[in-house]
Amino acid sequence: MNRRLYDKLIFEHSRAGRHGYSLPRNSFDRHIDELPQSCRRAEAPALPEVDEPTVVRHYTNSSTNNFGVDTGFYPLGSCTMKYNPKINDALAASRSIATLHPMQPADTVQGALTIYWELQRALSEIGGMAEFTLNPFAGAHGELTGLLVIKAYHLSRQNAGRDTVLVPDSAHGTNPASAAVAGFKVVEVKSLPDGTVDVDDLRSKLNDSVAAMMMTNPNTVGMFEKNIPEIARLVHDAGGLMYYDGANLNPMLGVARPGDMGFDVMHINLHKTFSTPHGGGGPGAGPVGVRKGLECFLPNPRVVKKTDGTFDVICEDSSLGRISGWLGNFTVYVRALAYILGLGAENIAKVGPLATLNANYVLNRLKDVYELPIPGPCKHEFVFDGLKDKSTGVTTLNVAKRLLDFGFHAPTIYFPLLFHESLMIEPTETESRETLDSFIEAMRRIADEATNDPETVKNAPHDTPVSHPDDTEAALHPVTTWQDLCAAQNS
Amino acid sequence: MSDHRYLPHTPQDVADMLAVCGATSLDDLYSDVPEGLRLRHPYALPQEMSEKELRDYFDRLGERNRRMVCFAGAGYYDHYTPAVVDAILSRSEFLTAYTPYQPEISQGTLQYIFEFQSMMCALTGMEISNASMYDGATATAEAMIMAVNSARKKRRVLISATVNPAVAEVVSTYARYHGITLEVIPEHEGVTNRTEFEAMMGAGDVAGVIVGYPNYYGIIEPYDGWADICHAAKALLIMNCQASTLGVLRTPGSLGADIVCGDAQSLGMPLNYGGPYLGYMCTTKALMRKLPGRIVGATTDRNGQRVFVLTLQAREQHIRRDKATSNICSNQGLMALHTAVYLSLIGAEGLRRINDLGYGGLRYLADGLAATGRMRLVYPERPTVNEALFRTSDPLTADMVLEAAAAEGILAGVKTDECELLVAVTEMQTKEDMDRYISIVKNIKL
Numbered sequence: 001m002n003r004r005l006y007d008k009l010i011f012e013h014s015r016a017g018r019h020g021y022s023l024p025r026n027s028f029d030r031h032i033d034e035l036p037q038s039c040r041r042a043e044a045p046a047l048p049e050v051d052e053p054t055v056v057r058h059y060t061n062s063s064t065n066n067f068g069v070d071t072g073f074y075p076l077g078s079c080t081m082k083y084n085p086k087i088n089d090a091l092a093a094s095r096s097i098a099t100l101h102p103m104q105p106a107d108t109v110q111g112a113l114t115i116y117w118e119l120q121r122a123l124s125e126i127g128g129m130a131e132f133t134l135n136p137f138a139g140a141h142g143e144l145t146g147l148l149v150i151k152a153y154h155l156s157r158q159n160a161g162r163d164t165v166l167v168p169d170s171a172h173g174t175n176p177a178s179a180a181v182a183g184f185k186v187v188e189v190k191s192l193p194d195g196t197v198d199v200d201d202l203r204s205k206l207n208d209s210v211a212a213m214m215m216t217n218p219n220t221v222g223m224f225e226k227n228i229p230e231i232a233r234l235v236h237d238a239g240g241l242m243y244y245d246g247a248n249l250n251p252m253l254g255v256a257r258p259g260d261m262g263f264d265v266m267h268i269n270l271h272k273t274f275s276t277p278h279g280g281g282g283p284g285a286g287p288v289g290v291r292k293g294l295e296c297f298l299p300n301p302r303v304v305k306k307t308d309g310t311f312d313v314i315c316e317d318s319s320l321g322r323i324s325g326w327l328g329n330f331t332v333y334v335r336a337l338a339y340i341l342g343l344g345a346e347n348i349a350k351v352g353p354l355a356t357l358n359a360n361y362v363l364n365r366l367k368d369v370y371e372l373p374i375p376g377p378c379k380h381e382f383v384f385d386g387l388k389d390k391s392t393g394v395t396t397l398n399v400a401k402r403l404l405d406f407g408f409h410a411p412t413i414y415f416p417l418l419f420h421e422s423l424m425i426e427p428t429e430t431e432s433r434e435t436l437d438s439f440i441e442a443m444r445r446i447a448d449e450a451t452n453d454p455e456t457v458k459n460a461p462h463d464t465p466v467s468h469p470d471d472t473e474a475a476l477h478p479v480t481t482w483q484d485l486c487a488a489q490n491s
Numbered sequence: 001m002s003d004h005r006y007l008p009h010t011p012q013d014v015a016d017m018l019a020v021c022g023a024t025s026l027d028d029l030y031s032d033v034p035e036g037l038r039l040r041h042p043y044a045l046p047q048e049m050s051e052k053e054l055r056d057y058f059d060r061l062g063e064r065n066r067r068m069v070c071f072a073g074a075g076y077y078d079h080y081t082p083a084v085v086d087a088i089l090s091r092s093e094f095l096t097a098y099t100p101y102q103p104e105i106s107q108g109t110l111q112y113i114f115e116f117q118s119m120m121c122a123l124t125g126m127e128i129s130n131a132s133m134y135d136g137a138t139a140t141a142e143a144m145i146m147a148v149n150s151a152r153k154k155r156r157v158l159i160s161a162t163v164n165p166a167v168a169e170v171v172s173t174y175a176r177y178h179g180i181t182l183e184v185i186p187e188h189e190g191v192t193n194r195t196e197f198e199a200m201m202g203a204g205d206v207a208g209v210i211v212g213y214p215n216y217y218g219i220i221e222p223y224d225g226w227a228d229i230c231h232a233a234k235a236l237l238i239m240n241c242q243a244s245t246l247g248v249l250r251t252p253g254s255l256g257a258d259i260v261c262g263d264a265q266s267l268g269m270p271l272n273y274g275g276p277y278l279g280y281m282c283t284t285k286a287l288m289r290k291l292p293g294r295i296v297g298a299t300t301d302r303n304g305q306r307v308f309v310l311t312l313q314a315r316e317q318h319i320r321r322d323k324a325t326s327n328i329c330s331n332q333g334l335m336a337l338h339t340a341v342y343l344s345l346i347g348a349e350g351l352r353r354i355n356d357l358g359y360g361g362l363r364y365l366a367d368g369l370a371a372t373g374r375m376r377l378v379y380p381e382r383p384t385v386n387e388a389l390f391r392t393s394d395p396l397t398a399d400m401v402l403e404a405a406a407a408e409g410i411l412a413g414v415k416t417d418e419c420e421l422l423v424a425v426t427e428m429q430t431k432e433d434m435d436r437y438i439s440i441v442k443n444i445k446l
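Protein chains in written order, with my numbering: chain W, 1 to 491; chain V, 1 to 446.
Don't read these hints as lab results, they were simulated from the structure. Please read all numbers here as calculations on a predicted model, not as lab measurements. For every residue, glycine included, the Cβ atom is placed at its ideal position computed from N, Cα and C. Heads up, a few of these hints could be off.
To be verified - Here are the computed distance ranges between Cβ atoms for each label pair:
| no. | chain 1 | residue 1 | chain 2 | residue 2 | range |
| --- | --- | --- | --- | --- | --- |
| 1 | W | Asp463 | V | Asp27 | 52 to 60 Å |
| 2 | W | Asn490 | V | Ser254 | 55 to 63 Å |
| 3 | V | Asn443 | W | Arg57 | 46 to 54 Å |
| 4 | V | Asp205 | W | Gly17 | 47 to 55 Å |
| 5 | W | Asp463 | V | Ala87 | 23 to 31 Å |
| 6 | V | Ala87 | W | Lys8 | 31 to 39 Å |
| 7 | V | Arg152 | W | Glu346 | 52 to 60 Å |
So here's chain V without its partners, still in its complex pose (with noise of 0.2 Å):
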């Protein structure tokens, strides 16, 4: 009998291979290995767990997280995927496959990565996507690293102190070990402080500049004008950008960025304690040879038919090793077809739809929670869409509310200070969920 469900080999078909090597035993073909690197004791690992066991075990881990309201955001957004994503997702012809080297028996990968491209141009603005990168921070990172490939020399970024804390952290790792000087623009009452911003560009040696939009206090920052003077110093405008929002917001396309990267995640993917999300990297034609990451593009076969290959493919890591654009290679793909289909069915109008309930129900909690008198907006008067700043009064703390929130199964929110709360609105909570959220701030001992 076969040792196990995966493993086909019987006895037999081990013996008759073995002679077919030449050898007697499995142990034979590793004769090179030194005895004293040899592994000489079982793994301490569990016995085998039955498919039974298997479900159980992790039901059991299951019953120990806990489902909660989610008014959290902070870079990552509690939307609805439907039935349909899930379902493509998890076919095998798709999930199944590697990247895809061989266009013969690839088209569908090519497909879906071209349709791909083609959306998230669609809501940046842009003119070229690549297939995918990490998730938002790490694809930041790469744009910072793509300006300075860009600019001769130069090798000092800005990076905006409205940016989201955990893509600036990742951005400064990469800069640090890629001796990359980065400096924050301070910010002013939510916003990037634009006085600052062009006094930072005046010495002419900065590379890229790193933009949040919506930033990470979820305001819509007015940005006119900046590509003009970043390109007027020979510097990149680089906008990290929240995916669902640029349904109904300016692209960052017609602001004149160079770069658009961000987290996909809110185009409907699962929470899933972190991932697998989705990075992207849009930017112009004229920038096209520095993108890195794979990129797919149309031509034609033999017979004449459209089909869809990888392309420009000089600027990566199998072809130019160490003088490649970046080091990426597996990417994020499937995330790519979730994104496809999640945009296929929601389209431009249900996109506008979500923020609508995002933005609505916002401000009706925000109504709500001022009421109390306990909680109110920091920045009543910037432009936002789902997401926002709030301050507690004095007593009340966040993490108070937190608490109190927590014990009714809600997350009320990602503290940000000790009496400031960032919470965000999605389709998903419910006029009923708000109200909850305000009678406990309004029901919490002081």
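Here chain W stands alone, though its shape is the one from the complex (with noise of 0.2 Å):
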């Protein structure tokens, strides 16, 4: 990426009569301007006038600014930003997909309603659940879906008394978000210090008014939750259900699946787990899975499989109701199916351990100059409680500024609030060894620096096109669009 900002905003190249569209002729005999007058716009909108040139290097330039997974190692904890495989969008960019209207009858659409099923039944049998629906738009997008599911269910069994939802104090924001969003209450249940769900706890917490317990297994930091058998026992003797967040997935591939820890209901990250592009923030898909028997609680619409073999798009009564225009964010889904059928169910199961591998290298090659407070092995990520050496006064946000320098993503930092310097790093299996020995050199070489020359760490990034933002300033006196900042300069 650039080392230098590309600095200019499209509507700085704007020049008045300038165009960069393409239409054809217009040879029809009634117009717009026949349109009321109170209908229309006094004025058109302010939008840039540019040419096709200037768009393209434009967004060109301005995309060097930026670092994506092919730009370079991105070990952002809880994030599992693996390598996004190039021939699946090279599929998703059929045009036998992209002309499809939602409204087309179903049998226009077999080859899409197909993608649609098989993906769901892959999913199925990787979760160890009876069916999945793939419409949630992204991770907290399918939290909310599965925990309508719950409260569908439980309202069926006419416990509208189940206004609770247990949520381990590790939990990602996402999860008490989500339930707030469902109309739950949220009771955050204790961790043991070894980063674990205390059971003691939670069997306190749980009474009649529990809907679920939400978790992630490995938790979020990384540590598998051993206890897991006890918990969904306890939990489903108290009524409740259990509820997994797939955001952690990853390690999972190959070694267990969340059905057989107990778990009723779950989301998945397609855009974490499957592989598919983040694109800087989304697209991404929270495909939903239930154990047998609550399949028809799943939101509408759903594709069925016919006797005949083929496919339909049905709505049904007993659904939790539609949480989506149609069924979802389609692309993906190629993407996804690709990946899965790209690596076969053999190199699938290899997924989560050699994730693993890279999680437990990178941690024990660093666990001499960074505290670790929860000793390994861990699963796909882990969390350092900042530098070992506290006396230096270098702060978790330091090392990870310092680690721009060196041409690496920063891990998550900051979260899980468990500890005051967390710094949760996520290798995945599509690094290379030599990858990760240049993270870790990068590491242990930030450490070093923290001893011998705090203040270049202190005052990182050094190297990078941006340096310390004044993110007090953006707050403060908020700048959100192009005519606030023509305002600004006015003023």
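Assembly of the complex is requested from the two constituent chains, each provided in isolation within its own frame, with the hints serving as guidance.
Next up, the structure:
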């Protein structure tokens, strides 16, 4: 990526009278200016006026300010930034999908429905679930959908009083937030010093108001919740359901299935475990799987296989309702299915162990200089509580920013909230030993600098196009549009 | 040899790395997983396919999809995607990045989100936009929750019967489970019944009112004065708008809307059998701290350069957890880039021309269909841009039209009733396509 900032906005390339569109000739007799004045805008929207080459150059230059998985190592904990295979992008761009309108009759979209169905079946096999809906748009949307399945289940049993969701204190922020959107109260369950759920604390919080317990496994400190059979039994005995947050599913591939662990409902982040590109914030996909008996509550519309082997799209009254305009981010499914088929049954089973190997390798080679609050072996990720030597005043934020100078994306920082200086590292299975070694070398060099040249670390980054943005100013006087920028310049 | 081209380790790498970990096998790293939970059988999944086999497999599936000349709309429109958009979106610096948490190495993403926010504000006439929602339906549901969160203790929201039913269903799901009372304002001859609306506002317990613009039937409803009625009752006016038509329509901002949301699919996003599209949400500065989702703001860095960062994050789930304005985390980031590139190319004049083609085409088709005596506009006096409701004359039914047209590769519209079809026209359908449509209707055997 660039070391110098390309700092223009497209608005700054605008010149009156230029254009970048190419449209068919208009030979119709009637025109939009017939619309009554009261319906029409007073003036044209203030969009840039730019020619095509300028648009291409602008965005190409802007892209060089960015760092992606294709640029370099991206050890962002809990985000599973693995390689995004190019063949999957090529297949997702197919014209035979691009042109399909959601309202087309089912007999004209059998290929698309086959993709939906086959992916749904593959995820069910990998998750140990009866059926998946692919409709949710992202992980948090999957959480919401899964929780609504649970709510619909309890309501169907006249259990409206089950209004509470239990969430470990180490959980991703989306867990409590999704529970709130689903209309649940949230009660936190404490963690033990090893980061796993405190079963005694859980037991004390179980009662007939509990609708569900949400968990990741491995959890956010990368530890397998080995008491999961007991936890599931306790929650089930209390009449609650078990929800699996699939954000950390990657290390379980080939090892264990959430359905077999006692989970009733789960979501999967296709943009994590199943390699679909994250797109700078989306589109992702958060398919939701359920155990047998809960299928009837899945959101509408549903893709079903008919007895003659063809597919249809249906809506059912028992469903929790509709949570998306149609069937979700469809082209993401093409990529995920291509990933599964491109690896095949045998290699998918290697993904989990190899991801776990990479995490343990990095952990073992850094634990003498970084504080490891929970001893390994970890699963796909682990958390350091900052540098071992706390006397230097070098923080986790400083370490993260210094890593940028060495050409690495920063790990997830200050999460989970269990430690003050959390530095959460997730190298995935697609990273080579050489990449890991160069990351380890950079991390060790930073630890060395923290002792011998702490100011260099504290003032990092030095070698990025941007350094130390003023976040306080941004929040205090929000400037969120070109219009705001112009107003600020004029005042 | 390594196992697969995506998995770099050779057996020697694995052995060496295990040694560093003090383990002798990969299984050792899972000693904490109880034996009873271990997967002891191979996945019942297909064997590995080569790239060529993958292409063949998806090509074969593609042959089972049928490309149609698309006169269907109902919220999703067949517009042209310029080649430049695909070229830029496939740049992996954009495509393979995560959410821009590290602004030092994410200015590309942050710049285009800032541009996207600016463009959405220009289209809607609003003051602030977020970085995107999932789709138009979920954006509208989140707008409802935002209205309830902005009102003190009021949990009643009204939605017009003329809002797209798929959107209304999603809003209704969110309302039902979130403890919001959602009531429908009835329609009268294709538009929201204003008398009923005013009566329903009377109790003073309404937090928000959701209307469609253009509405489900393509009609541009006159919302003059609606914002005043809402504001007098301390309720927010939420307008669900079809993005492309905002290029020519009176802005929701000038109508006094508080939240403007909807789907930006109509800004040249491929239909892709339902997604990815882009939900957008804009509001006023007064309400900016209630907005869900990510927001990008401008600031300066240590060297005085203008730079962009994620801002106002105290609203979001990773900080506020169950007190956040929403649970949204991943959004539709790359589709915000699509929108920014598309609108840079198309511009205000391009949008005007696209709407003009749809407007002229719809009327050409309507005149031709009327001449057959078999299909006519249901509300010919109501203003529309590029979509309108048609009624078939007895004994012709909507299904008969859809079937006859499908046999000729034409998707004639979306059936809304036995004898009603919603028909949309964009720059994608030619005069010849419309002549074929007309001739098919004319020749259906009754």
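Run the structure past the numbered hints and jot down the numbers of the failing ones, going up.
1, 2, 6
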